[in-house]
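Top line first, the protein sequences correspond to chains A and B. Using UniProt numbering, read the first sequence as starting at 1 and increasing by one per residue. Using UniProt numbering, read the second sequence as starting at 1 and increasing by one per residue.
FYI, nobody ran anything at the bench for these hints, they're computed from the structure. The C-beta atom is built at its ideal place from N, Cα and C for all residues, glycine as well. A hint or two may mislead.
Just a few of them, taken from the derived set where beta-carbon distance is under 7 angstroms, the chain A residues facing chain B [what the hints assert, rightly or not]:
no., residue
1, Phe19
2, Gly23
3, Ala61
4, Asn239
Below are the DSSO-like pairs computed for lysine-lysine, each with C-alpha atoms no more than 27 angstroms apart in a straight line [to be verified]:
no., chain 1, residue 1, chain 2, residue 2
5, A, Lys114, B, Lys232
6, A, Lys99, B, Lys217
7, A, Lys110, B, Lys232
8, A, Lys114, B, Lys55
9, A, Lys262, A, Lys56
10, B, Lys217, A, Lys132
11, B, Lys232, B, Lys320
12, B, Lys135, B, Lys123
13, B, Lys4, B, Lys62
14, A, Lys217, B, Lys331
15, A, Lys114, B, Lys105
16, A, Lys217, B, Lys29
17, B, Lys331, B, Lys320
18, B, Lys217, A, Lys110
19, B, Lys55, A, Lys132
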Amino acid sequence: MNFNTKIRFDFIKHSNKFFIFSGILTLLGIISLLVFQLNYGVDFKAGTNMDITVGKTTTQAESIELLKQAGYDKVKLTVGGNNNERVSVRFDEVLPQDKVNVVKKAFTDKFGAKASFEVNVVSPDMAQELGKKAIIAIVVASAAIMLYVIIRFEWRFSLAAIIAILYDAFFVVTMFSLFHFEVNLPFIAAVLTTIGYSINDKIVIFDRIRENLRFGKYKTKEQLSEMVNASLWQTMARNIYTVAAVLIVAVSLFLFGSESIKLFALAKIFGLASGAYSSICIASPLWLILKSKEKKKVAAKPKTNP
Amino acid sequence: MNWKRLAAFLAIVIIMLAVVAGTSPSLVKDIRLGLDLKGGFEILYEATPLEGGEKVTPESLKETARSLEARADKLGIAEPEITTEGTNRIRVKLAGVANEDEVRKVIGEPVNLTFRAPDGTIKLKGTDFVENGAKVEYDQLGHPLVTIKLKNAQLFEDVTRSLIGKTLAIYLDDTMISNPSVNSAISGGTAQISGSFTLDEANDLKDKINMGALPLKLTEKYTQSVGAQLGKQSLHQTVEAGLIGTAIILVFLIILFRVPGVVAAITVITYTWLLILVFWLMNATLTLPGIAAFVLGIGMAVDANIIMYERIKEEIRSGKSLLSSLKAGSKNSFRTIMDANVTNIIASIVLYWVGNGAIRGFALTMIFSILVSIVTNIFLSRLLIQLLIRSNLFKKPSYYGVKESEIREL
Numbered sequence: 001m002n003f004n005t006k007i008r009f010d011f012i013k014h015s016n017k018f019f020i021f022s023g024i025l026t027l028l029g030i031i032s033l034l035v036f037q038l039n040y041g042v043d044f045k046a047g048t049n050m051d052i053t054v055g056k057t058t059t060q061a062e063s064i065e066l067l068k069q070a071g072y073d074k075v076k077l078t079v080g081g082n083n084n085e086r087v088s089v090r091f092d093e094v095l096p097q098d099k100v101n102v103v104k105k106a107f108t109d110k111f112g113a114k115a116s117f118e119v120n121v122v123s124p125d126m127a128q129e130l131g132k133k134a135i136i137a138i139v140v141a142s143a144a145i146m147l148y149v150i151i152r153f154e155w156r157f158s159l160a161a162i163i164a165i166l167y168d169a170f171f172v173v174t175m176f177s178l179f180h181f182e183v184n185l186p187f188i189a190a191v192l193t194t195i196g197y198s199i200n201d202k203i204v205i206f207d208r209i210r211e212n213l214r215f216g217k218y219k220t221k222e223q224l225s226e227m228v229n230a231s232l233w234q235t236m237a238r239n240i241y242t243v244a245a246v247l248i249v250a251v252s253l254f255l256f257g258s259e260s261i262k263l264f265a266l267a268k269i270f271g272l273a274s275g276a277y278s279s280i281c282i283a284s285p286l287w288l289i290l291k292s293k294e295k296k297k298v299a300a301k302p303k304t305n306p
Numbered sequence: 001m002n003w004k005r006l007a008a009f010l011a012i013v014i015i016m017l018a019v020v021a022g023t024s025p026s027l028v029k030d031i032r033l034g035l036d037l038k039g040g041f042e043i044l045y046e047a048t049p050l051e052g053g054e055k056v057t058p059e060s061l062k063e064t065a066r067s068l069e070a071r072a073d074k075l076g077i078a079e080p081e082i083t084t085e086g087t088n089r090i091r092v093k094l095a096g097v098a099n100e101d102e103v104r105k106v107i108g109e110p111v112n113l114t115f116r117a118p119d120g121t122i123k124l125k126g127t128d129f130v131e132n133g134a135k136v137e138y139d140q141l142g143h144p145l146v147t148i149k150l151k152n153a154q155l156f157e158d159v160t161r162s163l164i165g166k167t168l169a170i171y172l173d174d175t176m177i178s179n180p181s182v183n184s185a186i187s188g189g190t191a192q193i194s195g196s197f198t199l200d201e202a203n204d205l206k207d208k209i210n211m212g213a214l215p216l217k218l219t220e221k222y223t224q225s226v227g228a229q230l231g232k233q234s235l236h237q238t239v240e241a242g243l244i245g246t247a248i249i250l251v252f253l254i255i256l257f258r259v260p261g262v263v264a265a266i267t268v269i270t271y272t273w274l275l276i277l278v279f280w281l282m283n284a285t286l287t288l289p290g291i292a293a294f295v296l297g298i299g300m301a302v303d304a305n306i307i308m309y310e311r312i313k314e315e316i317r318s319g320k321s322l323l324s325s326l327k328a329g330s331k332n333s334f335r336t337i338m339d340a341n342v343t344n345i346i347a348s349i350v351l352y353w354v355g356n357g358a359i360r361g362f363a364l365t366m367i368f369s370i371l372v373s374i375v376t377n378i379f380l381s382r383l384l385i386q387l388l389i390r391s392n393l394f395k396k397p398s399y400y401g402v403k404e405s406e407i408r409e410l
């Protein structure tokens, strides 16, 4: 069968390079997790988080001074947002309401009524529970998706997809660990939806592979590789367009959206990029490896079927 | 040229866009906003029994939630959202509260009314009394006292009979307010709390009792409070970001897919409107992560269009006529789109199951957006393109983003 597509790049031929590249990234992630760990937000580490919009440009020094006055000299603090109007403070302890009010007062005294606050207080047992639930969520979601793919396709597609998806999820975690971005509940939502999008990408390609498989007979590994490559290029336009479309949204959320969803948008950007890459460079070659192993067995059998 | 089909196409599009334009402003205004978008606070309480050894039952948990709701109502807070979670938790969400500290104090305060025997055993609880049954009255000497009505008159009679000659102390939380001695069994189901109250003190006590006793002790486990200004700012910025992203995508679709791109733009607009409508119908609360999911959903909706159009383009290239390209293309892409959507729904359901609060809102929005997307971006999109193709107005493959030279001979 002749696939009338212009193959510009042989992904399958270079699949080992992709495997090595991703292997190195994964290793880097493991090392980073061991060395830098994750910068857990209050959602997972108990404590108090305060986001303060002060209504005018401020500096880190100014806020540090204010917090010192309020009796806190060892807190994590960042100033960001448009025109540096937003101060994020993280206390490692669970602040009771009256203490929160002391801090609030320090800021309203300085910046006037324009100062607006978001305060999150999470107790230790709640934080632990959220952490546990997040892991359960990822495991259950992966398992459920795997099952669905086994039912709709076959186990080889499912296995290849799940490895690639977990790689994507891990990639997002790696990036957050490397750059020390805060890991909070929306981050988990971002990772989980990354799983969702990522499987989406893989399914579109796998669907095409399955279809091509139905229309032709592939005896040798070379023929199979050619078919996978062709399938990749047949779906390439869609892959690029879709990822571009969703990336446009995620990037505009990151650039123009409110401060509280910036990290969520960033996690999505990492996830989407990785998902697009892994669908083509990891999931499909993995499936090919699994499939060609099966082919060898069939070929080794004596001629029982005509 | 088939004018009937074209007219049908135009009629659908014009009516739809008119409905969208006409109803959107009021729909958007009526959408309930979460407290991260309009300011307010959320507290997750963990409930424990007032006395050791007892258990938190589903009934007592529900009752506590109801009492909290009654308190919020009394404070004049609009639409308090109070829900029980798991076996021992209550989540309280109050939006648009100006005097947060005061409200928080009143909401969480146990105000547990108990009548105790001299040995400290609790004979009657706040829950034994009629709700809103406390009144301020005066004794013969004109001193104010508070009367409470019992749900079960017989119970009070029994309790007082067993304590004749002894005292029956009245406690508000752990403070004794009065320690009257029982002279005879009291029938009729009315108890009196007397002491040397001033009228103000008596009124305060009456209000506290009427506020409803909480059958359980509550401890704050998680709190989130958002200033009204900050919320408004978040809403404004995020909606703006969404609009910018969507506008870029629509332009991108039209450039890329020409005629079907225009159809896609129409279906994406309809999709957005329909999703807002679903939100409104369900009286769902829109939160910040919800908006993010909404906006990302637009990206996904576009995906369904892209998969279908790419497939149609392929079919055109293979030399089929426009109509059969459309048929083959939409048929072949349907399975792919469904598989992709189902896996996404699976991930969202898990998210809903595990998550809480805002995350649940996010997951729910994802699920709805996928369902609405299937309706608009598969079925509506298909119908509109079919009408256009059948109108015979757009016959050139270039209208569909396919060059003549790419078309193979059959």
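Outcome of the hint check:
A least Cβ separation of about 24 angstroms between phenylalanine 19 of chain A and chain B goes past the 7 angstroms threshold, and the interface hint is therefore violated. Hint status for glycine 23 of chain A relative to chain B: violated, with the closest Cβ pair at about 26 angstroms, above 7 angstroms. Interface restraint check for alanine 61 of chain A: the shortest CB-CB distance to chain B comes to about 23 angstroms, outside 7 angstroms, so the restraint is violated. A least Cβ separation of about 9 angstroms between asparagine 239 of chain A and chain B goes past the 7 angstroms threshold, and the interface hint is therefore violated.
In summary, the hint linking lysine 114 of chain A to lysine 232 of chain B is supported, as the alpha carbons are separated by about 13 angstroms, within the 27 angstroms threshold. The suggested pairing of lysine 99 of chain A with lysine 217 of chain B holds, with an alpha-carbon distance near 22 angstroms, which does not exceed 27 angstroms. For the hint linking lysine 110 of chain A to lysine 232 of chain B, the alpha-carbon distance of about 22 angstroms falls within 27 angstroms, and the restraint holds. The hinted pair formed by lysine 114 of chain A and lysine 55 of chain B fails the criterion: a straight-line CA distance of about 46 angstroms is larger than 27 angstroms.
Restraint check: the Cα-Cα separation between lysine 262 of chain A and lysine 56 of chain A comes to about 20 angstroms, which is no more than 27 angstroms; the hinted pair holds. Simply put, lysine 217 of chain B and lysine 132 of chain A have alpha-carbon atoms about 26 angstroms apart, close enough for the 27 angstroms limit, and the pair holds. Between the alpha carbons of lysine 232 of chain B and lysine 320 of chain B the distance comes to roughly 53 angstroms, so the proposed pair goes past 27 angstroms and is violated. A distance of roughly 21 angstroms separates the Cα atoms of lysine 135 of chain B and lysine 123 of chain B; the hinted pair therefore holds under the 27 angstroms criterion.
Proposed proximity of lysine 4 of chain B and lysine 62 of chain B is contradicted: the alpha carbons are some 60 angstroms apart, above 27 angstroms. Proximity of lysine 217 of chain A to lysine 331 of chain B is assessed by CA-CA distance (about 24 angstroms); at most 27 angstroms being required, the pair is judged to hold. This hinted pair checks out: lysine 114 of chain A and lysine 105 of chain B have alpha carbons roughly 25 angstroms apart, not beyond 27 angstroms. With a C-alpha separation of about 59 angstroms, the suggested pairing of lysine 217 of chain A with lysine 29 of chain B is violated against the 27 angstroms cut-off.
The straight-line distance between the Cα atoms of lysine 331 of chain B and lysine 320 of chain B is roughly 14 angstroms, inside the 27 angstroms bound, and the hint therefore holds. With a CA separation close to 38 angstroms, the supplied pair lysine 217 of chain B and lysine 110 of chain A exceeds the 27 angstroms bound. The suggested pairing of lysine 55 of chain B with lysine 132 of chain A holds, with an alpha-carbon distance near 25 angstroms, which does not exceed 27 angstroms.
Hint compliance for this structure: hints 1, 2, 3, 4, 8, 11, 13, 16 and 18 are not met, and every other hint is.
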